[in-house]
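Asker: Below are the chains, spelled out letter by letter.
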Amino acid sequence: MGRAIVITSGKGGVGKTTTTCNLGTAIAQLGMSVVLIDADIGLRNLDVVMGLENRIVYHVVDVVQGKCTAQKALIKDRRLENLWLLPASQTDDKDAVTPGDMKKLIAELKATHDYVLIDCPAGIEQGFKNAIAGADEAVVVATPEVSSIRDADRVVGLLAAKDIPTRLIVNRISAHLVKKGDMLSQADVIEILALELVGAVPLDEHVVASTNKGMPAVLEGKSAAAREFTRIAKRLVGLEVETVRETGGGFFARIGRALGLSPASAA
Amino acid sequence: MWKFRGKPSSREVAKGRLHLVLAHDRVGLEGGKLQEMRREIAAVICKYVPIDLDAVEVQIESKSRATELRVSSPLPARGSG
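Residue numbers (our numbering), protein chains in the order written: chain A, 31 to 297; chain B, 42 to 122.
So here's chain B without its partners, still in its complex pose (with noise of 0.2 Å):
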């Protein structure tokens, strides 16, 4: 239900932030140890192919009751390194 002007309406901001508030109760990792594990992840992928260490994400999703945890980056292309 969006509204005119590309303007959320309060109800789909509401959907928004409880998803992302429900995805980090159910797995219980308070924000500051998810980006302690955000740099510990982003030095592992670092032992192996050269990338920007700041530019790793880490993300927790929930469908359902079914959570997921997403990590992304973008990675050098070969021979740029």
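Next up, chain A with everything else stripped away, as it sits in the complex (with noise of 0.2 Å):
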């Protein structure tokens, strides 16, 4: 029996589809098979992310529809042996899916996978809904700006009702901008949102660029933020990971950026 994640944020743009894709494809790297499924359905993107885009014939609005299995509608990533995406419908509404239709897949999909990845539409209606029915547990994705952890809250306060169990990724965070006083710290965000923190990503420019080729940065190599989705990956099926390391790093990680050693420097 598989384990079901939802990742959602409330705001757009901070990274919620790139963070499902990168979590999913380093939980496949570990070795378990892992579903992710773009359930913002009428706006989809995690299929150009992922670099799969070129490859969809069925979408989740048919399966529960009937018109496909989900087994049938899985598109195999190629690059890996254990991962799959079941991408959204382009053309569909939101009310094409109901929150019991995507409780129904999940359970169908757990049973077949490991890990259950949903990539959830920014907002609080129909879509944030259907994303979080089936979850076992929510990753919160927040960036350190006030819009994105105002949003974040509200998302918090909704899944708590829900009674499903959330943390918490800062996501592009700049050690340069937080030490000069113009950017919040993961530990500031941390105490504001009062949530455990399951990894702190770095600005990365090479997200920008994997990115751009539909690459998940994971597979592209050792780039800061691909390190840190690597470790989130390991956290959330449980391997033991060191602990988050406080914005700065540790006496090395200063010299090294202070050297222009450590890729986190270009942020």
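Don't read these hints as lab results, they were simulated from the structure. Remember, predicted model here, so these are calculated numbers, not experimental data. Warning: the hint list may mix true and false statements.
Stated by the list, open to error - Cβ-Cβ distance ranges computed for the label pairs, FRET-style:
no.: 1; chain 1: B; residue 1: L75; chain 2: A; residue 2: E226; range: 27 to 37 Å
no.: 2; chain 1: A; residue 1: E155; chain 2: B; residue 2: S113; range: 31 to 41 Å
no.: 3; chain 1: B; residue 1: V68; chain 2: A; residue 2: S177; range: 17 to 27 Å
no.: 4; chain 1: A; residue 1: G268; chain 2: B; residue 2: E81; range: 46 to 56 Å
The beta carbon of each residue, even a glycine, is placed where N, CA and C say it ideally should be.
Reassemble the complex: the two chains are provided individually, in unrelated frames, and hints are given to aid placement.
Answerer: Structure representation (structure tokens):
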């Protein structure tokens, strides 16, 4: 029996889809089978971020409407043995799917796969309600900005009302800006949202380049963001990983940055 | 992380703004409703102690996930009213 994790944020543009893509790929790299579901019906994007847009035949609405089975709609990622994508429909409305449909679909996929990651649409309306319906736990992605954290807080309240255990990813953090006093630190965000942190992903230009190519950053190599996504994936599946470091890193990380050795200094 | 000349960093400003905004968001009281509540609380206090109605302040504060309503009012010294 697998586990379903919804990646959500409230606000759009904070990196939900990129996070879903990289965490799913990283969990698959650890040897577990993973299905990624794009729950953003009408505005699908997980397919292009994954670089699988040319292989779509069926989508989630086809499955819900009984036009094909879930297994048939899954697109297998050829780069990894055990990674699949269930794309969203680009033409339907959010109302084409109900929370009950999603629960049933996710239960079915959990029977055959270790992890189901659900990429939630922005907002807190129908699409959000559908996306969280079948989730065993939630990961809230927030960037260290007032608007993102405010929206994340709303979502955290809604998830708590549904008794869905929730953890936090702080995305696009810049150690340089935090140090200058011009960005909220990960500790600030944890304090404000009162959530357990599962990881803090540095602002990293490698992610922009891999998104351009439709290649998950974790498949591309050892960028700072890729390393953190891999650490988060390990924590999500319950592997022991060293505790999340405070922004700025330790003594050697600081020396490294001073010498321009750390990729995080590019941020 | 305060800078020289006592000017708070943008990080501190963001934190302060978030604490206030989230406190109100979490309670779901819009500005108008809050003022209405403030006037009613002031009127109730005034039934027992003579106070300046306009000096009563209500504040909503968030610490962690708990939110607190704080009402403050200067009270007159006994016999001065």
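Asker: Are the hints correct? Go through all of them and say.
Answerer: Quick rundown of the hints versus the structure:
1. Separation of L75/B from E226/A is about 31 Å and conforms to the stated range, judged on CB atoms against 27 to 37 Å.
2. Taking the beta carbon of each, E155/A and S113/B are about 39 Å apart, inside 31 to 41 Å as hinted.
3. Distance hint for V68/B and S177/A: a CB-CB separation of about 20 Å, consistent with the stated range 17 to 27 Å.
4. At about 52 Å, the CB distance of G268/A to E81/B agrees with the hint of 46 to 56 Å.
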